[in-house]
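Asks: Protein chains in written order, with full-length UniProt numbering: chain L, 1 to 116; chain A, 1 to 116; chain P, 1 to 116; chain B, 1 to 116; chain D, 1 to 116; chain W, 1 to 116.
No lab work stands behind these hints: they were computed from the structure.
Misleading hints may appear alongside valid ones.
Same chains, same names: a pair is fine if it fits in one copy or spans any two.
[Said to hold, decoys possible] Within a straight-line C-alpha distance of at most 27 angstroms, the following computed DSS-like cross-link-like pairs (lysine-lysine) qualify:
#1 K18 to K71
#2 K113 to K18
#3 K71 to K28
#4 K113 to K71
#5 K46 to K113
#6 K28 to K113
#7 K18 to K46
#8 K25 to K46
#9 K25 to K113
#10 K46 to K28
#11 K71 to K46
Each chain is listed here by its residues.
6 protein chains.
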Amino acid sequence: MSNQVHDFNEYRTRMNEKILAADNKIIKRIFNLDTNAYAEGALDVKTKELLGLVASAVLRCDDCVRYHLEKAYENGVSREEMMETMGIATLVGGTIVVPHLRRAYEFWEELEKLNH
Amino acid sequence: MSNQVHDFNEYRTRMNEKILAADNKIIKRIFNLDTNAYAEGALDVKTKELLGLVASAVLRCDDCVRYHLEKAYENGVSREEMMETMGIATLVGGTIVVPHLRRAYEFWEELEKLNH
Amino acid sequence: MSNQVHDFNEYRTRMNEKILAADNKIIKRIFNLDTNAYAEGALDVKTKELLGLVASAVLRCDDCVRYHLEKAYENGVSREEMMETMGIATLVGGTIVVPHLRRAYEFWEELEKLNH
Amino acid sequence: MSNQVHDFNEYRTRMNEKILAADNKIIKRIFNLDTNAYAEGALDVKTKELLGLVASAVLRCDDCVRYHLEKAYENGVSREEMMETMGIATLVGGTIVVPHLRRAYEFWEELEKLNH
Amino acid sequence: MSNQVHDFNEYRTRMNEKILAADNKIIKRIFNLDTNAYAEGALDVKTKELLGLVASAVLRCDDCVRYHLEKAYENGVSREEMMETMGIATLVGGTIVVPHLRRAYEFWEELEKLNH
Amino acid sequence: MSNQVHDFNEYRTRMNEKILAADNKIIKRIFNLDTNAYAEGALDVKTKELLGLVASAVLRCDDCVRYHLEKAYENGVSREEMMETMGIATLVGGTIVVPHLRRAYEFWEELEKLNH
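Chain L extracted, bound-state conformation (with noise of 0.2 angstroms):
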């Protein structure tokens, strides 16, 4: 089993958890957004999963770009799609973007074994 997504996901659900229930309204609102920004609209679910990963990848999040990485995976990305995009991610933001493109990959292959 793989020990980086789950880990990487547990995290994230616990805190979520404990933030939302400090009741910041604020805060409340931006995870609620958060959640319909990925949504279909104009531009299809996959599509915004990319955005949102290229996003986070020039902005050098790593869990930002794992948990679009995931989503991507689930939405049918291929690793060639997500290369693509990583790509442009490091063209835009520079080589600082590669210890992150590493990390990426890493959870990229997790993801893979996971569903196989």
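Starting from the structure of chain L, add chains A, P, B, D and W where the hints point.
Replies: Just chains A, P, B, D and W, lined up with the frame of chain L:
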């Protein structure tokens, strides 16, 4: 005639030519990669331009946003698709993206005017 | 009459109206949150405006800095308090904040002139 | 006993001592400024610690967030005030701040446990 | 006569004087450090100015880039050395640095014209 | 034996190989540029490694800092030169660079131990 689109393209082209003439190998190759990265591959050109747009917007690079808005417009992106992309940028990157959204929206209007 | 303050507010208002009219749900909700987040709560309005100012300054968003300078001024922040806030911003964010400090100081002078 | 708070402080103190012993004048003066900037002035210590917290959060520096959370806690900041500060950080800096909010919240819980 | 170099220096000097007159201790000390950090030490002035240039370029601070270009020029940096420095900046920082490279190149040309 | 240096290099090499094997043209070319950019040119290798170090430090990329520290060490950079470089990084990038300075200093100590 739209001066904002024209002025942006004129300055960009003129300075790019000078920079390429200075003949620094690293910079020339990066300019070359920048052309290739948005070509059709596993993902189509339109999706890649939206990826370039959202990456530019969260990194708050007005000139990069303008470049990808123009390419997106040429590749058939609708105003609604552009706004969903900028909506994700504003959510992921925060309200500091809003001033760039204002300038992006203004540039998009100029692109529409130019094409009437 | 101070043109810098007037021009900033005029452009901001005009473009915000156009953007809201484009009717993207995510963007409209973020604009709405932006109004609510600085309302009195456990912290008072003045403190919240200083929080918005320092966050805008370290993220080097001139328009965001101008917006919070104006709100801070309206809520009774003194020049000395503004400078202590910008001092923390410059220390935490480094000397790259200094050009934004120059523009902030110039805008603050305009706000003072307008109110004489 | 809370290991997260203890480990953070132990590593921070130990490395700061080594760095100061290396005797680089610029770095020593910046360390010195860092102590002075949050002292009482026109603004009180509590407000300054919240300014340090929001600046650290939007710049996504976990160790800086931890440092200011600890100082804020010692200066009587309530959980609600901390959350309003982090709410502004998340709105201004976007959802990429959320993973840092999770770690901040976890650290705050450790601070509360230590003081029961 | 080159207006771009002159205008930059005139605004910078005028606002720095006003800011120093406001007498905030933290800001005054940071301004003072900024002078000392580029003085000869284990590294020579020319190398330090290139370090200041590349740091300013990857952080995309046009005014900081201009300041270090001027100092680098005065300290005998050649156009080729400047371009290798900007090449590293563009590789490490990504294509979002390119618009700043354009403006840097334009400013460098003005410096050369002024000195003929 | 120093585990921190070893672990960093092992992970970096292993993941780079996997990423290159995935055969994305843009990413492969960026990896290739990354090797070329620090080769001797108008500037020598030692200066270029310091440029890479300061750029990595202000962008707060720990893995990039570690890579350039190792290369700088191999190219004869002294501890004093490294600290002057990190001093400029901390001044330009602000106190948010300090946690990265702590980790950089620790890594440098490991490099020194490995070479006794």
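Asks: Run every hint past the structure and note whether it holds.
Replies: Hints, one by one, checked against the model:
1. K18 to K71: For K18 and K71, the Cα distance is within 27 angstroms both inside one copy (23 angstroms) and across copies (22 angstroms).
2. K113 to K18: For K113 and K18, only the inter-copy Cα distance (15 angstroms) is at most 27 angstroms; the intra-copy one is 30 angstroms.
3. K71 to K28: This pair counts as both: shortest intra-copy Cα distance 21 angstroms, inter-copy 25 angstroms.
4. K113 to K71: within (16 angstroms within a copy, 35 angstroms between copies)
5. K46 to K113: Classified as within; 21 angstroms inside a copy, 31 angstroms across copies.
6. K28 to K113: Intra 34 angstroms, inter 25 angstroms, cutoff 27 angstroms: inter-copy only.
7. K18 to K46: Classified as between; 25 angstroms across copies, 29 angstroms inside a copy.
8. K25 to K46: between (30 angstroms within a copy, 19 angstroms between copies)
9. K25 to K113: This pair counts as between: shortest inter-copy Cα distance 25 angstroms, intra-copy 39 angstroms.
10. K46 to K28: Both ways: K46 and K28 sit 25 angstroms apart in one copy and 23 angstroms across, limit 27 angstroms.
11. K71 to K46: Intra 8 angstroms, inter 21 angstroms, cutoff 27 angstroms: intra and inter.
Violated hints: none; the structure is consistent with every hint.
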